[in-house]
Amino acid sequence: MSTEVAEKEAAVKESEALLSKRRKKLITDPLVDDNPITIQVLGICSALAVTTQMQPTLVMALSVIFVMVMSNLSISLLRNKIPTRVRIIVQLAVVASLVTLVNEVLKAFAYDMYKELSVFVGLIITNCIVMGRLEAYALGNKPYDSILDGFGSALGYSWIILTVAFFRELWGSGSLFGIPIFDGISSLFGPDFQLATNGLMVSPVGAFIILGLLIWVQRSKTGYVEH
Amino acid sequence: MQQSNAYIITFSIILTVVLGLLLSGTSEVLKPIQKKAEELDTKKQILGAVMSADEISGMKPEEINAFYESRISSRVVNIEGEEVEEQDGVQVTAETVDVGKNYKKAPEDRLYPVFVFHEEGDADAAISYIFPVYGNGLWDNIWGYLALQTDMATIEGITFSHAGETPGLGARITSSDVQQRYKEKSIYSEDGELVSVVMQKGEGKDYSGDPHKVDGLSGATITAEGVNKMLKSYLEHYRAYMEKKKDGAPSMALN
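Residue numbers (full-length UniProt numbering), protein chains in the order written: chain A, 1 to 227; chain B, 1 to 255.
A hint or two may mislead.
[Unchecked claim] When the alpha-carbon atoms are kept at most 30 Å apart in a straight line, the in silico DSS-like pairs for lysine-lysine are as follows: (1) B:Lys60 x A:Lys115; (2) B:Lys213 x B:Lys104; (3) B:Lys185 x A:Lys115.
Quick caveat, the hints were computed from the structure, so don't treat them as lab data.
Generate the whole structure from the sequences, applying the supplied hints.
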């Protein structure tokens, strides 16, 4: 209990700005320099599976943001109460409950999306990013910082899968959010012209290629090397 | 800090109860909305057998419900093709028959819903008959709705759904270009034998000249075989009813 009191006092004394430099870094770091997908290479399976179209990808991204922020918050609030010996199973229980919540809400209000994403929403539970952040950050930090950390990591995940989905849907199906783009472009060049789509992009192989290219571009810019 | 076993157990119990209440509470609150969404989805699938996917996705939920009301009438039949109104003292309607649950029973004991797509406002002016079908894919169940024209031989349209087929392979049975392949095919051979329509192995051949074959799904042979088996068996089960309703068959007295 004494640590908790000390912590509280420190918090009062500091009265750090809501978005101080350190806190901004919590959000911006996972976007590029410490991106969960391209640098830590976590959460790859869902990045491959749901990214054939923009719309399900967006729903998936929002779900992950919700789950990460809420789980980071709850674990951080409980961090001094959680028995260390069962902490992993406690994290799992919290994450699983949140994911089930998301699934139930989707089933009620976006049934088509629920059918399309089906098992992948459930697989957020096993998304290494979520448990990784709980274990590495939320267990040892204050709630507000944990929220920012979760939000940052989820955002880092989201923009990558959305980028992958952008190229896969545009290239593979010739559309974005279901709106045909290629048909529109083709019609500008006359009736006989038809931009071809690439079937490879619709298959998981396409996601590997796009993701690989993304990692390549990013690492050549940041100069990141794996040790 | 090392906690006592008693603390750990108490903590676990409290956590479980809190999370359990949270989840069951949400489920309870959302259940009616989910049920509506499911019913709407079933209606969409039924209508999908006689309408294009674009037409349906352009309709609002209320419009689908209204359209379904005015254009679809339904009944339940048994394997003899006789209409059934109650089973074990409970009234049955086509909308409440769970085809998946019936699938687990022997074919003779099952209830078979039939949906009739008819002219607006005239339930007797049938345009096509829609039969639910159910079977096994590679990983899990597959099901669908098969619409036959009033000659009870020509396929008007078909929709498939699945619980867990592989995305990009078996799951392609839900895509409309696969379902389009069944259109205008015939389930009876020239000698009047029920041969169904069979999805072939391999993909990319043109079967437009053959009324009983459709192009296959590359990489999803087992799902395709499941589809074939499902269609064949359910057409057999509905056969008695189909014979009765066939164009030219003596019309039954309305009871």
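Please write out, lowest number first, the hints stated earlier that are contradicted by the structure.
none
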